[in-house]
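Each chain is listed here by its residues.
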Amino acid sequence: MKSISIAFIIFTLALLSFSTYQALVVAPTEATMGEVQRIFYYHVPSAWVAGLCFFVNFLASITYLINRKPNADAMAAASAEVGVVFCTIVLITGPIWARPVWGIWWTWDARLTTTLVLWLIYVSYLVLRRFAAGSQTQVLSAVLGIFGFVDVPIVYMSIRWFRTQHPSPVMGGGESSGLAPAMLQAFLWNLLAFTCLGVAFVMARYHLQKVENQVESEHAQLALQGGTR
Amino acid sequence: MSSMSVTRATLMKDLRMEWRSKDAINSMLFFSLLVVVIFSFAFNPTAEESRLIAGGLIWVAFLFAAVVALNQTWARELRNQVLDAYRVSPAPPNALFLAKALGNFLFVAVLEVLMAPLFVVFYQLRSVGPLWQLVVVALLGTWALVVNGTFFAAMSIRTRNREIMLPLILFPISIPALLAMVDSTTGILTGEFSPDFWIKLLLVYDVIFTAVCLLLFESVLNAE
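These protein sequence lines are chains C and G, in that order. Each residue of the first sequence is one higher than the last, beginning at 1 in the working numbering. Each residue of the second sequence is one higher than the last, beginning at 1 in the working numbering.
Simulated from the structure, these hints should not be mistaken for laboratory data. Glycine included, C-beta positions come from ideal geometry on N, C-alpha and C. Keep in mind that a hint or two might mislead.
As the list claims (entries may be wrong) - Using C-beta positions, here's what the derived DEER-type ranges look like:
#1 ALA109(G) x ILE62(C): 32 to 40 Å
#2 PRO130(G) x GLU212(C): 33 to 41 Å
#3 THR29(C) x VAL204(G): 40 to 48 Å
#4 VAL204(G) x LEU13(C): 41 to 49 Å
#5 TRP102(C) x VAL120(G): 39 to 47 Å
#6 ALA42(G) x ILE104(C): 19 to 27 Å
#7 TYR21(C) x GLU224(G): 34 to 42 Å
#8 ILE62(C) x ARG8(G): 29 to 37 Å
#9 ILE53(G) x SER135(C): 18 to 26 Å
#10 SER135(C) x LEU215(G): 40 to 48 Å
#11 LEU33(G) x GLY226(C): 55 to 63 Å
#12 ALA182(C) x PHE43(G): 51 to 59 Å
#13 PRO95(C) x PHE43(G): 26 to 34 Å
#14 VAL110(G) x TRP102(C): 44 to 52 Å
Make the full structure from the sequences, and use the hints.
Shown next, in the form of structure tokens:
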């Protein structure tokens, strides 16, 4: 198991260096936006990984409420943390791109606001995990994980009612959408590399959480037996 | 005991306690009065401006005030292990939840009725749109706040920092509801746009989250 994880991490690193080369060197410079458009190769894959993580968190939360296995909770914790990290990357890379292209750092547009609210929800999830006492943590966070994910489509619906400034989905977004083949290639490599990176992070964090749980239950056992260590 | 009678008994008990102590309603009233005064100093709006910002003002004041009442919901059940007694009794958990949510709904509704004239006086409000729509928004919006608020209050009393935890988990989830309440109220007060979409959204929000709360409350009550 351990050798597989190490092999996967090495594979991910190799893939990342290749996709970075694709994004920064191979992909052509965009005609109107210039070099700053290359942030797209990191921005969108990060958003994808964040969304994936939050979805995994939702599934893990439901699984935990059904079977009450600590592993499901470990997966929920891991995916939420990694999701928040990638969501933070999205929220940072977005304004860096928007400043030269739109002329503003931030606007209260549907997708931006939804991402921000999503970030807030999962940060509150992490806060709850931190402050919930003892063994209640798992149930309470699983419940909040479900609430958070159910809220996302409602948030999106409500905010879409405002004017939208964010570029519509570049792929499959209608007739004028679409990427130059070289750009699409770079994008897809990055999407793959970031997904692998996300999986690697979640797996590492999942493993760590399992070890933490193990240590905690050993401590509890010791305390029950009247041990002093 | 049937679900209905448990709900009624718990609700009547809470209402009677509130009627005798008036703890929640007094603290909410004074709190929202302070918000009204402080906002008025902070923005110093003219009648025209206040019509534009009143929607946000009113609901932010009620949201903050509701947290005061919501935090007290379960705290009194912790004393003398009432919640533990409830857990071992055969009474259905959802009946307890509904009673608490209805109780909070009534407290916040009373607060809104008492505060509405003050808002009108202090901010010289006059609605351009139909008034009955405001009542619909108030009913749906208040339920949206208290149903999740009651639920999250049951969660937050189990954490180490109790009272602070409730707004931290309630506010992010409530953002779409708050947006709907504020915007529909502004739409009605100014008469510039139709609040229909927002009222529908509030209705959807209410239905979805009432269902989720009822589905998950048993897990929270029995969490250990």
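Hints versus structure:
At roughly 34 Å, the beta carbons of ALA109(G) and ILE62(C) sit within the given window of 32 to 40 Å. Roughly 57 Å separates the CB atoms of PRO130(G) and GLU212(C), a value that falls outside the hinted 33 to 41 Å. With their beta carbons about 45 Å apart, THR29(C) and VAL204(G) fall inside the hinted range of 40 to 48 Å. Taken as a hint, the range 41 to 49 Å holds for the pair VAL204(G) and LEU13(C), whose Cβ atoms sit roughly 45 Å apart.
Checked against the hint of 39 to 47 Å, the pair TRP102(C) and VAL120(G) passes, with Cβ atoms roughly 41 Å apart. At about 26 Å, the CB distance of ALA42(G) to ILE104(C) agrees with the hint of 19 to 27 Å. Roughly 53 Å separates the CB atoms of TYR21(C) and GLU224(G), a value that falls outside the hinted 34 to 42 Å. A hinted range of 29 to 37 Å holds for the C-beta pair ILE62(C) and ARG8(G), which are about 33 Å apart.
Checked against the hint of 18 to 26 Å, the pair ILE53(G) and SER135(C) fails, with Cβ atoms roughly 46 Å apart. In this structure the supplied range 40 to 48 Å is violated for SER135(C) paired with LEU215(G), their Cβ-Cβ distance being about 22 Å. Evaluation of the 55 to 63 Å hint for LEU33(G) and GLY226(C) yields a pass: the beta carbon distance comes to about 56 Å. Between ALA182(C) and PHE43(G) the C-beta distance comes to about 53 Å, which sits within the given range of 51 to 59 Å.
At roughly 28 Å, the beta carbons of PRO95(C) and PHE43(G) sit within the given window of 26 to 34 Å. The hinted range of 44 to 52 Å is satisfied by VAL110(G) and TRP102(C), whose Cβ atoms lie roughly 47 Å apart.
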